[in-house]
Structures are given as structure tokens and as C-alpha cells.
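Could you build all of it, start to finish, from the sequences and the hints given here?
These protein sequence lines map, in sequence, to chains C and P.
For the first sequence, position 167 (counting from the first letter as 1) is numbered 167 according to full-length UniProt numbering, and the numbering increases by one without interruption.
For the second sequence, position 77 (counting from the first letter as 1) is numbered 77 according to full-length UniProt numbering, and the numbering increases by one without interruption.
If you are wondering where the hints come from, they were derived from the structure by calculation, not from laboratory data.
Note that the structure is a prediction, hence the values are computed from the model and not measured.
Where is the CB? At the ideal position from N, CA and C, for every residue including glycine.
There may be inaccurate statements among the hints.
Unchecked claim - If you want a taste of the chain P side facing chain C, the calculated C-beta under 8 angstroms gives, among others: (1) K113; (2) R115; (3) M142; (4) Y149; (5) N220.
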Amino acid sequence: MRGAQSIRQGQARAGWLFVLPTLVLLGLFLAVPVLMALWVSFTDWNGRGSPFASGIGFVGPDNYRELVGKDGGLTRSDFMTSLRNNFYYVLLVVPLQTAFALFLALVLNQRMLKAVGFFRTAFYFPSVVSSVAISLVFLFLFSGGGVVNSMLDAIGVDGPTWFNDSRGLLHLAGDGLGLWNASEPPSALADGGMLGLTWWQWLAGPSVALSVIIMLVVWTTTGTFMLMFMAALQDLPLDVEEAARIDGAGRWGVFRNVTLPHLRPTMLLVTTLGLIGTWQVFDQVYVMTQGGPGKTTLTPAFLSYSYALENQKWGVAAAMAFILFLIIFAMASLQRWIFRDKDALELKRQERRTTKARAAAGSAA
Amino acid sequence: MSTAHTRTPDTKPMVRDRTALWLFLGYVVLVAFAFIYLYPFLVQLTTSFKTNTDAVSNPLSLVPDPFTTSAFGELARRDFPLWFTNSVVVTLLVTAGRVFLCSLAGYALARIKFRGRSAIFTAILAVMAVPGVVLLIPKFLMLNYLGIYNTYPALVLPLLVDAAGVFIMKQFFESIPESVEEAARIDGASTFRIFWSVVLPMSRPALITLTILSFQGSWNELPHFIVASQDSDLFTLTKGVATLTSGQLGSGSQYPITMAAALLMTIPVAIVFFVFQKYLVRGGTSGAVKG
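Next up, the structure:
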């Protein structure tokens with residue numbers, strides 16, 4: 001009895017010893033720092049000395065007010081610009097990477113296809129390469145007289161100077177459709193606005209420069225998500241598909257009614273990871289554009305970094321990080337809710353259908 | 001039933017034709033995408049052996065004319081070797097530390113019964129959910145507070161543990177049959193002894209997966225190194241090479257040099273990738289995803 005107890009005690013000690021280094025490091029470089037940053041976000045600390053010294057000014061919610069409040073100046077319009085840019089970025093990257101990943105996974109999932117390994121490797125490889133290296137390659141590909149423009153030139157298209165082009169794609173599209181003249185924005189849009197940006201600025205869409213980063217990220221991340229879809233597709237028993245085919249369902253019908261519902265959990269995973277990842281875009285902006293041209297590639301993550309480490313405005317920068325955290329959290333929750341809700345709705349609809357079918361069968365019998 | 005039978009002979013060739021057509025379309029799509037995925041790497045490879053004039057005037061050509069290794073020579077004269085060494089040291093330390101600490105913690109959470117275990121596990125799950133970019137400023141604050149900003153430990157220590165790694169190892173250890181450990185325990189082996197000489201040797205696949213993920217993660221890490229130091233002696237590859245676009249080389253038009261740098265920093269990851277691909281493919285779907 002005593003032996004058992006001492007063994008249990010020994011186990012408890014071993015357990016704590018085993019997790020202790022991890023706990024200490026996570027606490028030291030994660031939990032406590034977050035609390036420190038929370039404190040800093042309520043101060044006007046300028047990076048000199050300790051942020052906990054007695055002379056540091058506690059400013060309450062001023063930093064947050066400067067970012068989203070009524071009369072924020074340049075800081076607010078910078079922050080709103082970064083949110084706008086990142087919003088368009090997310091809006092394009094998440095659907096594109098999910099669609100391409102699913103598409104490639106479906107193509108690779110065909111039976112009788114040879115060299116699956118080769119293609120899978122080719123598509124996945126960019127995911128493991130450093131974002132810095134890939135950014136450098138894309139800087140060259142999309143440079144003024146670079147690879148992409150030479151290709152466009154060959155088919156008679158005059159390519160833009162990608163990284164110097166701050167024109168918004170929606171502005172350009174509207175211009176092309178004759179909705180407005182991009183160099184003379186309609187006064188209805190240019191005069192009004194909210195939170196430091198005019199409606200015209202809000203509606204710019206991603207700039208040409210930002211669209212290069214969008215292409216780069218879709219290109220790199222698609223492979224990872226493709227693997228997730230492929231794994232899920234392999235779990236789908238072949239006979240289910242075959243049974244549906246024998247029942248007379250066409251390719252599209254099988255995809256819609258069998259494959260897609262089966263992929264729903266993976267879809268949730270992929271879009272959640274995509275959403276969380278895309279709101280954090282930093283590396284590519286740091287290497288390729290530093291927020292330019294015309295602040296059209298500024299993102300909250302990069303802005304927070306540059307306010308803190310370059311301009312020593314630590315309080316505002318920390319506040320930005322926390323707002324970004326809230327955005328990511330809210331987006332991920334919202335998305336979970338949307339998916340869950342649909343599941344429940346679908347379940348209800350199915351139930352109704354079965355009861356109806358049963359009733360019909362009953363009456364027929 | 002009988003109608004289906006009579007229909008089979010003449011529908012079958014059509015079905016086969018259709019399948020062949022789909023297969024053909026599949027190949028067309030795959031080859032097109034493979035071009036989009038491989039061409040940038042070919043450009044990177046060949047441009048690094050070009051002269052700057054050649055790179056600018058014939059960007060599409062995949063044949064360097066003239067062939068030169070001057071970009072690599074130029075990199076060797078600059079700080080590139082220092083960055084490379086720093087990256088190797090940091091990556092080795094981080095990888096070794098992560099594999100050891102994550103397996104220790106993962107084992108405790110999977111197998112050792114002690115009070116507070118489930119609370120710790122919940123805390124680790126919560127940590128996994130914190131977006132990394134939000135931690136940049138907090139990390140700087142702590143490094144600054146501890147007085148290790150701008151030192152080697154600042155590059156390594158915060159990367160030493162990875163909540164996702166703990167999670168992966170815990171999942172794996174739970175899949176090992178407990179009977180093996182019990183036999184060793186009856187023989188009087190200590191918990192660490194059992195972990196070290198019985199469980200770890202059985203855990204090769206998980207250990208390899210974690211090693212690769214840690215290697216790749218720390219080799220490619222950029223934001224942490226940006227906030228952990230500013231001393232150019234402490235530049236790692238990612239941070240140093242990122243300066244090539246703006247700082248040292250002026251307008252960043254020296255494409256062969258940047259391409260050579262990108263190539264050299266890709267090679268170690270590429271080797272690991274091709275050697276251990278099956279582990280990476282498995283781990284990539286369970287571990288973190290970069291944005």
C-alpha cells in the first residue's frame with residue numbers, strides 16, 4: 001500500500017518535472033508578455049527604460065481611442081487603411097486558396113492517374129520554403145521588366161510596374177466599366193466617409209501591388225490545404241461514390257451530394273486556418289513592400305511592428321495588436337457559427353425529408 | 001434489370017472514352033499547374049548564375065549567358081556566411097530543444113497521472129490558439145525586461161517550446177500500448193528511464209515529424225528574429241537576406257545576388273523535404289500552417 005502511494009507520489013513529481021520546462025518557457029515568453037503588452041497598451045511608453053517604471057504615463061483607453069475613436073488623426077487613418085487592405089486581402093486569399101486546393105485535390109484524386117506523387121510534391125514544395133526566399137523570387141518575377149511583364153508583353157499586354165502601382169483594383173474595374181473616372185473620383189464617394197477614410201478610399205479594393213502578395217500567398221499555401229483535402233478524400237469510401245454513380249448520379253451530382261458534404265469538416269478547418277493566417281500577413285510585406293506604395297500594402301501586423309520598433313509608439317502599437325487579436329478571434333468564431341448553423345439547418349431539412357418520404361412510402365404501402 | 005443488361009455493351013466504350021477524356025483533362029490541368037509551381041524555382045536557380053545585365057535583359061531565358069558564379073562570390077564576401085552560421089546554430093538548438101521538451105511534456109500529458117494534468121493541457125490548447133503575430137510586441141517587452149534583447153539566447157529561448165509540438169507528441173504517445181511501459185515499471189525503472197529508453201525508441205515516426213517541423217519552422221522564422229535583436233552580428237538568414245532587397249544593395253536590382261541568396265537558403269529545407277517527405281506530408285496537415 002505504502003509502495004503504491006510512493007509510486008503515485010513519484011509519478012506526480014515526474015509529471016510536473018516533465019512539463020515544467022514547457023510551462024516555464026510558455027509562461028515566460030507567452031502568457032506574461034501578453035499581460036505586459038496589455039499594460040503597455042494603456043500607457044504612453046516610448047521604448048526607453050522599463051515600461052513598469054513609476055514615471056510611465058498611464059493614459060487609460062487613449063491608445064485605443066486614437067485607433068478607432070472619433071477624432072483620431074493620422075494614426076487612425078493608417079490603422080483603418082491597414083484594416084481595409086487586409087480585409088480585401090482576406091476576401092481574395094481565403095476563397096482562392098480553398099478553391100484551388102480543393103480543385104487540385106479532386107484532380108489528383110482521380111483513379112488511374114499516374115505520377116500523383118510528383119504533382120503533389122510540386123504543389124506542396126512552396127509551403128516548406130522560407131517566405132523570405134519566395135518573396136525575393138516574386139520581387140524578381142513581378143519587377144518592371146521581369147518575367148511576368150515579359151510574358152504579358154509577348155501576348156501584347158502592357159504590364160503594370162507591379163510594386164509601384166497603388167491603384168485599387170475596384171477603382172480600375174469601375175473605371176473600365178465606365179462607372180467613374182478613377183483620376184476624378186465622384187464627389188458622392190470622395191466627400192463623405194467614415195473613420196478617417198473616404199468612401200472612395202474604402203472602396204478601392206486591393207492595389208495592384210497588394211494583388212502580387214495575394215498571388216504569392218495563394219501560390220504558397222494552396223499545397224498545404226490541398227494535402228488536407230486529399231487526406232479527407234481518401235477517407236471517402238470508393239463504393240459510396242460508385243453506388244451513387246450506379247444510381248444514375250452524374251459527376252456533378254456525386255460531387256455536390258456525396259463528396260462536398262463529406263468534405264465539410266475539412267472545409268471548416270481549411271477556411272479557419274486560412275482566416276487566422278491571412279489576418280497575420282507580415283513577412284511578405286516586410287520583405288517586399290514595407291507597406292508601400294501609397295500605404296496600400298500596409299497590414300495591421302506590419303503597422304503594429306513599425307509603430308513599435310521603428311517609431312517607438314509602443315502604446316498604440318500594442319493596442320493595434322490587441323485589436324487585431326479581437327478581429328481574428330471574432331472572424332474565427334463567426335465562421336464556426338456560420339458552418340455550424342448550416343449543419344444544423346441541413347440536418348433539420350434532412351429529417352423533414354425522411355419523415356416526408358416515410359409518410360409517402362407509408363401511404364403508398 | 002434486363003434493360004440494363006442489354007444497354008451495357010454499347011454504353012461501356014462511351015464510359016471508357018469519357019473516363020479517358022477526364023483523365024486527359026486532369027493531366028492538362030496538372031501540367032499547367034506544375035509549370036506555375038516549378039517555373040519560379042527554375043528562374044531562381046538559373047538567374048543566380050546570370051550576370052545582372054543578362055538577368056534584367058533576358059528574364060525569361062533559363063540559360064545563363066554568360067554563365068557566372070559571381071553572385072555567389074559576392075554573397076561570400078558579404079555577411080552571408082555569418083547569417084548562414086547563425087541560422088544553423090539557432091536552428092540546431094531550437095530543433096533539439098523543441099524535440100526534447102515537447103516529447104517530455106507530451107509524454108507527461110499522455111501517460112503520467114498527476115493532479116493538474118488536464119488543466120495544463122487546456123492551457124496548452126489555449127496557447128495554440130493565440131495568433132503568433134500578436135505576440136511580437138509582447139516578446140520584445142519580455143526580452144527587454146529580462147535584459148537579453150540583442151543576445152543569442154533571445155533568438156533561441158522563446159522558440160524552444162511549441163504548443164503544437166506538445167500536442168502532436170501527446171497524440172502519438174497515447175497511441176502506444178501501455179503494457180510495454182508497465183513491464184519496465186515492474187522491473188523498477190524510473191519514469192524518466194522508461195520515457196527515455198522504452199518509449200522514445202518506439203516513437204521514431206513522431207520524433208522525425210517533429211524534428212522536421214521544428215527544423216523548417218525555425219529555419220524559416222522571420223518575425224521573431226526581427227523583434228529579438230537588431231545587432232547585425234546576430235542576423236539569421238531570413239533577417240539578413242531580407243535586408244538585401246532594400247539596405248545593403250541599394251535599389252534591390254541586383255537580382256542574381258538575391259536569387260542566389262534565396263537559392264542557398266532554400267537548399268537545406270529542400271534536402272530535408274525530399275528525404276523525409278512522407279513524414280512532412282503527414283505532419284504538415286497536423287501542425288501549424290504558415291500564412
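>> Checking each numbered hint in turn, tell me which of them this model violates, lowest number first.
In response: Failing hint: just 4.
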